[in-house]
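Chemist: Sequence:
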Amino acid sequence: MSELIRVPDIGNGQGEVIELLVKVGDKVEADQSLLTLESDKASMEIPSPKAGVVKSLKVKVGDTLKEGDEILELEVEGGAAEAPAAAPAPAAEAPKAEAPAPA
Numbered sequence: 001m002s003e004l005i006r007v008p009d010i011g012n013g014q015g016e017v018i019e020l021l022v023k024v025g026d027k028v029e030a031d032q033s034l035l036t037l038e039s040d041k042a043s044m045e046i047p048s049p050k051a052g053v054v055k056s057l058k059v060k061v062g063d064t065l066k067e068g069d070e071i072l073e074l075e076v077e078g079g080a081a082e083a084p085a086a087a088p089a090p091a092a093e094a095p096k097a098e099a100p101a102p103a
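For the sequence shown, our numbering assigns the number 1 to the initial residue and increments by one for each residue that follows.
If you are wondering where the hints come from, they were derived from the structure by calculation, not from laboratory data.
Below, in silico cross-link-like pairs of lysine-lysine (BS3-like), each with a Cα-Cα straight-line distance of 30 Å or less:
#1 K66 / K23
#2 K50 / K60
#3 K66 / K27
#4 K55 / K66
Model the full structure from these sequences, guided by the hints.
Modeler: What follows is the structure, given as structure tokens:
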């Protein structure tokens, strides 16, 4: 499942992208830094809220970002793995429910 990752509340309005720490195709972990923003007061790294694989970057070095701006598109891990895990459970319960009926 694809998810857009956005700039979280950075508290001081906006900042300039001074470094990209990931590229398309990179696998990132939750809380891994994605980029570095520099504001009038400080530099800060923006972490990924989720684990996944970077599908596309929405920013470049020199861009000015504020809270809510898109950073990148992330193919979130677990979305595809959870669906097959959930599907067999109901299938396993169905035969158990049918077994008492013939007896």
